[in-house]
Amino acid sequence: MVLHLQALAATIGLVLSMLLWVRGANPAIYAFIACGVFLAYVTYGWIKDTIKVLDRTRRHGLILGFFGVAMFAFSYAMVPLYHILCHGNVALPESASSHPVDIDIMFEKYRGLPIAITVSESQLELGSGESRLVYVTLENHANKALDIKLSISTNPRTIKPYFGLVTPDVIHLPAWERTQFPIEVKFNADVPDDLWQTAILLLFQDINGVGELGKTDAWEKMHHAEQIGVRS
Amino acid sequence: MRKLGYWLSTTNHKDIGSMYLWFSLLMFLAAGAMALLIRVELSQPGRILLEPNLYNQMVTMHGLIMIFGAIMPALAGFANWQIPLMIGAADMAFPRLNNWSFWLLPVGFGLMGSTFFMEGGAPNFGWTMYAPLSTTYGPPSTDFMILSIHVLGLSSILAALNIIATIINLRAPGMTYHRMPIFVWSWLITAFLLLAIMPILAGTVTMLLTDRHFGTSFFSAAGGGDPLMFQHLFWFFGHPEVYVLVMPAFGIISEIIPTFSRKPLFGANFMVYAIACIAFLSFIVWIHHMFVTGVSVEVKIFFMFTTLLVAVPTAIKVFNWTATMYKGALTFETPMLFAIGFLFLFTLGGFGGLMLGIVPADYQYQDTYFVVGHFHYAIVTGVYYSIVAGVYYWLPKWTGRMYSETLGAWHFWLSTIAANLTFLPMHFLGLAGMPRRIPDYALQFADFNQIVSIGGFLFGIAQLIFVYAVIKVVFFKQGEKATAQVWECAKGLEWTIDSPAPHHSFLVQPVVTKSVHEWD
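Protein chains in written order, with the working numbering: chain A, 29 to 260; chain B, 11 to 530.
Isolated chain A (complex conformation):
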């Protein structure tokens, strides 16, 4: 009877302290640990008493059963072990990042595209689920109209899926004209907890051939592009 009451008290204490802990009452962790240790002690006492009264076969059955339960627990223990051994850090099974992330906004034009670029903000601080508009101004310094495409990359590259970047398709910019458009930067999903800083690079290129990524003059010559009209 005493054992049952002890086990009940320990379990209720464990659940209550866990609830308080989850709700942010930091000292509750000590109560949680204390209740956990007490429950383990009570369980140990129960196992010891039970094993004592069992016959040899049942005792073996019980011990083997506990071994199975321990191996189940071991499968979970392998999670932090794996992260420590293979990545040098502990596992992060929870996904939400609670802190904001610094984002640097950078820009680049490909192969001397004759435009001037300015952005309204070069640094942002965004939390999970937040969004912000960044205004980009382009000024055409050429004597002809340009059709400009904007590509965006992130550093590290793996972070790109977390961003929801709303950008224009193709920007038509007449000669010597200026235009301004917004880019919406937001975190679509929770980001990894160890990410504190990232950068977004805005890359501008002319879709009519000049400055297309990877296709240099040497490439043009090699593929005789002018003769066969690849770029028409």
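Calculated from the structure, these hints are not laboratory results.
All C-beta atoms, glycine included, are put in the ideal place defined by N, C-alpha and C.
Just so you know, not all the hints are guaranteed correct.
[Said to hold, decoys possible] Pair ranges (Cβ atoms, derived):
1) A:Ile145 to B:Val309: 43 to 51 Å
2) B:Ala231 to A:Met134: 21 to 29 Å
3) A:Lys76 to B:Pro142: 41 to 49 Å
[As the list claims (entries may be wrong)] Quick partial rundown of chain A residues pointing at chain B, CB under 7 Å, derived from the structure:
4) Arg84
5) Thr85
6) His88
7) Gly89
8) Leu92
9) Gly96
10) Met99
11) Ser103
12) Tyr104
13) Tyr110
14) Pro220
15) Trp224
On the provided structure of chain A, position chain B as indicated by the hints.
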């Protein structure tokens, strides 16, 4: 109705053993039919019969059912029938638990089979269940598969616990550990292995479940987890699991070869040490399944060496079986034919394993049909052959009737020709670069695939002979009456009781005075 009630509630180890064996046969036929559908699809390039998603479902379910539904229950059936008889026990240590262990199986496979009729179809990511295929991209039925694995795992854990408690506590007076038959030893070690690994699988699939529905990210990089960790956890279970299948097979073969060689088993103690050694090594080789996942060179070298080290105790066993036959008065009854077939073909499969264990060579073989060929040599011509050999060997003891040797010989020769026709060309296909788990392939693989498909169907037909031979004896009571001894030189307590073995095996407690390996 009363009969159904009897089978639902029976606690007799022989009844439960029989149920395990019949259930296993049923599952074997179901998963075998899936294998044949796979082979129809692959008999020619292009789409023949199965839509690619259904093909993937067939591949997944074939693997899961064969391993968890056919092979493991068959071996558990042998354990139930033979262990109490061989150690002189009245029954298993926990007879009711034993009944429950069995009846969990139909429940588990009912759940698994039902996934075929669900929206999105059955699981389609292979029996290895790699994340994120089984998490982000898994069909809704994946949850049922996870539950079914929990049920089947519980069944295996309870069976293992029962077997260990039986062997430790219920041995007849004089049956010391040293005198125990190798089959019993092999099951004792296997049961410990099962008890250690099945909870790991349970934990891993629970993580899959919480990743799918409860917001955890054990295997999701987006949340700080790692999909590669699934492979580590899975193979930490998966490789010892292969030995769970193979080691009782070693035990069966170690019983059959001395009987038909009319000589005691050569180096019986070493056989036990070798099994224990293989069991230990099985825990430190799992990364050989993951050589191409980017693990460091040092880790690869360590796991390559441990993998190759498994060859040493295995070679000891093969040597001891061969030495047992050397200068023996051999006769070639069906169990012996299958045992010799096992010896040759399992060794061939083992060589394939050695090739796969070598890191630079594995880069070429990884995820090709070479792996499929190797695995099927080990499991079909290894484990399945030993199961068939065991059934032929002990069937007269179980039923009191001799099976037909003619049918047995036909079964063996057809199976052996067909198995080689099926699984040998798979190695060539793999070496030529054909990937595994694909419903279609490049034209240059067509010829070998046709041969494999023909071999597969021939193998299927050969197994019908086996089913016929068994049904003839069990249901139609055809065949000569078997004596208690059955085989001239069979040793052990099970041969001292009548054939068929009576409901209560030993009316008088047997006393053991010498080992089955000590012959006069």
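So, going through the hints one by one against the coordinates:
1. The hint said 43 to 51 Å for the Cβ distance between isoleucine 145 (chain A) and valine 309 (chain B), and at roughly 48 Å that hint holds.
2. Range check, alanine 231 (chain B) to methionine 134 (chain A): Cβ separation about 25 Å, and the 21 to 29 Å hint holds.
3. For lysine 76 (chain A) and proline 142 (chain B), the Cβ-Cβ distance of about 45 Å falls inside the hinted range of 41 to 49 Å, so the restraint holds.
4. For arginine 84 (chain A), the interface hint holds, the least distance from its beta-carbon to any beta-carbon of chain B being 6 Å, beneath 7 Å.
5. With a cut of 7 Å, the hint placing threonine 85 (chain A) at the interface with chain B holds, because the nearest CB-to-CB distance is about 4 Å.
6. Taken as an interface hint, histidine 88 (chain A) checks out: its beta carbon lies about 5 Å from the nearest beta carbon of chain B, inside 7 Å.
7. For glycine 89 (chain A), the interface hint holds, the least distance from its beta-carbon to any beta-carbon of chain B being 5 Å, beneath 7 Å.
8. Hint on leucine 92 (chain A) holds. Least Cβ distance to chain B is approximately 4 Å, under the 7 Å limit.
9. A distance limit of 7 Å between C-beta atoms decides the matter here; for glycine 96 (chain A) the minimum to chain B is near 5 Å, and the interface restraint holds.
10. Checking methionine 99 (chain A) against chain B: minimum C-beta separation of about 4 Å stays under 7 Å; hint holds.
11. Of the supplied interface hints, the one on serine 103 (chain A) holds, with its beta-carbon coming within about 3 Å of a beta-carbon of chain B, less than 7 Å.
12. The beta carbon of tyrosine 104 (chain A) is positioned within 7 Å of a beta carbon in chain B (closest approach about 6 Å), and the interface hint is therefore held.
13. With a cut of 7 Å, the hint placing tyrosine 110 (chain A) at the interface with chain B holds, because the nearest CB-to-CB distance is about 5 Å.
14. The interface hint given for proline 220 (chain A) holds, since its Cβ lies 5 Å from the closest Cβ of chain B, which is under the 7 Å cut-off.
15. About 14 Å separates the beta-carbon of tryptophan 224 (chain A) from the nearest beta-carbon of chain B, more than 7 Å, and the hint is not met.
Hint 15 from the earlier list is the only one contradicted by this structure; the remaining hints agree with it.
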